[in-house]
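A.B. asks: Chains as they are written, first to last, in this note's numbering: chain H, 8 to 301; chain B, 2 to 283.
Quick caveat, the hints were computed from the structure, so don't treat them as lab data. Note that CB positions come from ideal geometry on N, CA and C, so glycine has one too. You may find that some hints are simply not true.
With the C-beta cut set under 7 Å, the calculated list includes, among others, these residues of chain H facing chain B [said to hold, decoys possible]:
id: 1; residue: Phe48
id: 2; residue: Pro220
id: 3; residue: Val257
DSBU-like, lysine-lysine: derived pairs with alpha carbons at most 30 Å apart [to be verified]:
id: 4; chain 1: H; residue 1: Lys45; chain 2: H; residue 2: Lys11
id: 5; chain 1: H; residue 1: Lys71; chain 2: B; residue 2: Lys188
id: 6; chain 1: H; residue 1: Lys45; chain 2: B; residue 2: Lys188
id: 7; chain 1: B; residue 1: Lys188; chain 2: H; residue 2: Lys11
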Amino acid sequence: MDTKRTIFPNRVLPYLLLAPQLVITLVFFIWPAGQAVKSSFEREDPFGLSASFVGFQHYARLLKDPLYLDSLGRTAVFAVAVTALSMALGLALAVAVNRLVRSGRVYTTLLVWPYAVAPVIAGLLWWFLFNSTTGVLAYFLGQLGIRWDHNLNGTHAMILIVIAAAWKQVSYNFLFFLAGLQSVPHSLIEAAAIDGSGPVKRFFTIVLPLLSPTTFFLFIVNVNYTMFDTFAIVDATTAGGPAQATTILVYKVYNDGYLGLNLGSSSAQSVLLMLIVVVLTVIQFRYVERRVQY
Amino acid sequence: MVENRPFLTFLTHLVLVAGVVLVAFPVYVAFIASTHTREMLVGGMIPLLPGGHFIENYTQVLSASSAANGLPSYMLMALNSLGMALIITFGKIVISILSAFAIVYFRFRFRLLAFWIIFITLMLPVEVRIIPTYKVVADLGMLNSYPGLTVPLIASATATFLFRQFFMTVPDELMEAARVDGSGPLKFFRDILLPLSRTNIAALCVILFIYGWIQYLWPLLVTTDPGYYTLMMGLKRMVAVQDGEVQWHLVMAGAILAMLPPVLVVILMQRLFIRGLTETEK
């Protein structure tokens, strides 16, 4: 890791400068994470007075628990559906804006603001639209002969949270795709056009391959988003139901630990989630390091 | 644009208009709902044009008398959200610019270790370690307090990285000149580095304010005293009524109001917002 060529010779000051961040990190990040790992190997008595070491028992039980495996599968479905939907829409809109010279900025402004909408509000908005007594969309679906009811139908509930989560994420993907598109060299496009290839062919043979780093980065970020930031959407709309149909992993950690007080199992779930985040972050960071130039 | 094809341009606008409509539709419906009476909304036929109860509904949400279900007044929750967002923004920027300065401009033992400890926070969103973090905050007696709401969210690897990257691009000569002139590290930091970082700080402010404003899970865990409820929790509670109908017209008015501050920040500071976003998250 680099520093400057010349540095300030000072022995105490750097520690003082680092102290606030390190103290907060140790107290609120490292220590609790360590506690999670520790209690994932322990069983507490019902009053929380003593704990005994049980090894990998919680993990073994989790990996055999159909409820946990279901939740794992549902999280994967949810993550892939939200990522695919929001990235496809984001790319389509970015390609369109990139074609425009003058009006591009106006469209950008009209498209980016959902980033600032809180997930819980996004959930409430779509919940209202699909509400079986008052919702506009539920009403139209009813006219088409579809009886929409996310309170009873697990698939409907899943579709609801996928739409709400994707809606919020489109603007983010749009911005990054637009930045990626604008860094595609113009000369390449022009050369291909002179060679006689049309816009569609140019897009698939030149632009899309050049966008692949952005696409990869967005894929990782989106998976990360769907796994953690969507807690509020699930909690505000379906609360994990009906019959666990929308209990994604992060909701299950909260549900089992905070509401169910099954601390050992919840901790083991936390640790497994941390492993997933670590893998995603390492991949993301490798991408970052390659992109950043000093 | 390489060639001029009117049809493609038409298609482009069509895609974009469809995109804008799709993105705006839920908010439009929410706004419409917030201008009608409750009876209009549960009547079965949903209105698609604004009604005449805009002022009435919004005053009712904002007035203290609307507090129900053990909820504090809307204004108090808005103030809590604002306070939380501002403390997080300010705190994150201060601690991360200081630690980036230490990491880039000094060489000391444990430098690499410090770097990695900060880096790890990037990997541990509060969502994956909620129970133990809650326990630490409870043990420190910080439940139902502003420090409890904000301090655990303040450590930020991304902001530290942003400043570190930016400091690496600052020419070494500036610092050498400062040293020759006999200025110490703190003077250099205050008189040269800080002014140079102005745009980065501003861009980060935009992103971090939004981050703080939209927090949900953490306030839900640490606040049981309604006096510390934030808007996001309050809205959820307004919908989760046990008996009786949800006051959708008021919920939607509340949601529109809660959306306004961060959305305005994005629209008004678009340049800074995009800069902050693309530079922090990369």
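A.B. asks: Next, verify each hint and record whether it holds.
C.D. replies: We went through each hint and held it up to the structure:
1. For Phe48 (chain H), the suggested interface contact is broken, since its CB lies about 14 Å from the closest CB of chain B, more than 7 Å.
2. Interface hint at Pro220 (chain H): violated, since its Cβ lies 11 Å from the closest Cβ of chain B, which is beyond the 7 Å cut-off.
3. Because the beta carbon of Val257 (chain H) sits about 5 Å from the nearest beta carbon in chain B, less than 7 Å, this interface hint is met.
4. Proximity of Lys45 (chain H) to Lys11 (chain H) is assessed by CA-CA distance (about 40 Å); at most 30 Å being required, the pair is judged violated.
5. With a C-alpha separation of about 60 Å, the suggested pairing of Lys71 (chain H) with Lys188 (chain B) is violated against the 30 Å cut-off.
6. For the suggested pair Lys45 (chain H) and Lys188 (chain B), the alpha carbons sit about 45 Å apart, so the restraint of at most 30 Å is broken.
7. The suggested pairing of Lys188 (chain B) with Lys11 (chain H) holds, with an alpha-carbon distance near 17 Å, which does not exceed 30 Å.
The earlier numbered hints that this structure contradicts are 1, 2, 4, 5 and 6.
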